[in-house]
Amino acid sequence: MSARAAPDLFRSERIRRRRAVNLFVELLATGAALLAIAVLVIVVASVAKRGAGALNVDFFTKTPDFAALPGQPTGAANAIVGTAVIVGLAILMALPVGILTAIYLNELAPKRVANLLTLALDVLNGIPAIVLGIFVFVLLVNGHGQAAWKASFALAVLMLPLVARTTQEVLALVPDSLREASLALGAAKWRTTLSVVLPQTLGGIVTGATLATARIAGETAPLLFTSSLAGNAVSYDPREPLSSLPLFIYTSAEQADPKLHEQAWAAALVLIGFILVASLIARAFAARSRQRLAGER
Amino acid sequence: MAVAPRSATGPAAFKRRGRFRPGDTVLYVITLAAALSGLVLLVLIARELLTAAWPAMDRFGLDFLTTKAWDPNKKLFGAASFIFGTAVTSIGALLLATPISIAIALFLTELAPRGVRGAVGVLVDMLAAIPSVVLGLWGILVLGPFIVNTLAPALHGTLGFLPIFSTKPSVGSNVFAAILILTIMIVPIISSICRELFLGVPQELKDGALALGATRWEVARGVTFPYARAGIAAALILGLGRAVGEAIAVSQVIGNNVAIHWSLFDAGDTLASRIAGQYIGADTKLQINSLVYLAVILLVFSLVVNVLAQIIVRRVAGRHSAA
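Read top to bottom, the protein sequences are chains A and B.
Take the first sequence: its letter number 236 is residue 235 in numbering that gives the first Met the number 0, and every next letter is one higher.
Take the second sequence: its letter number 57 is residue 56 in numbering that gives the first Met the number 0, and every next letter is one higher.
For the record, the hints were derived by calculation from the structure and aren't laboratory data.
Quick reminder that beta carbons are idealized off the backbone N, C-alpha and C, glycines included.
The hints are all genuine.
Here are the simulated distance ranges between beta carbons:
1) A153/B with I280/A: 37 to 43 Å
2) V112/A with L64/B: 32 to 38 Å
3) K258/A with G317/B: 55 to 61 Å
4) L193/A with V121/B: 31 to 37 Å
5) V112/A with P162/B: 51 to 57 Å
6) F224/B with L275/A: 30 to 36 Å
These stretches of chain A come out as covered by chain B in the derived footprint (C-beta under 8 Å, 3 or more residues):
7) 111-120
8) 133-140
9) 157-169
10) 187-197
11) 235-249
12) 270-279
If we strip away everything but chain A, and leave its shape as in the complex, we get (with noise of 0.2 Å):
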């Protein structure tokens, strides 16, 4: 009898104990998720709830004062024109550079050269942004002095490969078989690719577009070294320094007071909002575009 029963009871022993092991790896993994899940939410949280109270019109239309007395108005008007003149800036330069750069490595370049090239965009991609802050700096700022424009400078270079591999990636989602017909049809390799290719990648260039702003946008190391002294006044002009949403948070973040501590989670919520407002409606918007080209195919 006992003879008998002892394997079974030895196996059930066994499965029990992988099945013990299983369970507790699925519940760390859970774990896990959740935990970066509650990471976000604080965050998300922490900055809304110490935002929301110095959120108001003044923080859009007045500049800076840091002599204000509690009820007094203070804003970053100055801030959100700077990071949107700075932003804005930079999207010019490296938009039009990044898609021509995925019309030339998806659709005319030769294997061999498009694989180097595309190597130097991710390794581009992969230098820290305080090292391309530097290197403005050296290039341009030493010695001639701060201003807004250099400022997008480095944040186009570090948009520059996000724009060309996002545009690269939708370029090759395109079928073949319309490039095809339209050669077939005597049009021109120019012709097709900019009348025919390029429109059916609009949306996914837009999107690819939002995301690099967004990512950009949130950026403070390339700008300390090139648009960090700057006045309180608000102002257009790139040629001088503008202040930015991030270098308001990271100074006023390393201020003793208070009340300036308010004004940063201020910038901060209104940051974050912009960022992740834009980049959920680019994803949603991402999803649906490649739905309907995989459709079509």
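Starting from the known structure of chain A, fit chain B onto it as the hints suggest.
For chain B alone, kept in the frame of chain A given last:
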């Protein structure tokens, strides 16, 4: 990356016999010029940084890497304490982030129901979208006090015999806070790459293991991990590169102290964070040159890390597409 060469197929051969099209040449030249910009920028970055760092490199040589001091008054600059701080923070963050990221990727590919999968994936990606300066702000004003009041006394009390927990923090700015912030930054990066890798594991292999009676964990350990091994290594390398290069959030929470301490509850500094912290204080030429020298160290490291990761990724992609 599925980037096929279009010109190598039929139309290119046709073009050779066809009539001359100036539009094609114009498009080719313009796009080629744009495409070369990435390479040109890389060369320019290397050249400009080396030129600007040269006076400091000439004066301090490789001793720069082993000199602990950063003293503008004595005109003595060295990177040793920053290299130490960079190593401690990035390796610490990688140690914490690796199991968490892989666990998240496993959850997203194997465990989560279809509806939950998309939502959780988006939320984890959102974590990567939070700007470092905002994480740093949160790090100083929320995480720092929490470490001083709750976490550090607990760790010091129970594990205080370990050198890394041997002191009590007096302020919220310390190496430990930097490690936690960096962990938060690199977990979404590593886990999203791992998720793609795990999705690429052929279903037949997993089904085979399941049919033999393996549990989900045994499938992960026996099939998924070995299959994705090289890719996971590349993901970890990229995460390490990101942690090493992060300047803003680290400079906000680490305390900017030129020192080598083993305790994580003391203030320290990293290469990137030192550069960021000096954006106003650098007056003398030699100090600026030394700052650029720090940037050169970071640049060399990031080039090595990225080329290495790309080589691994390309080799894996080549193997899989050949199979």
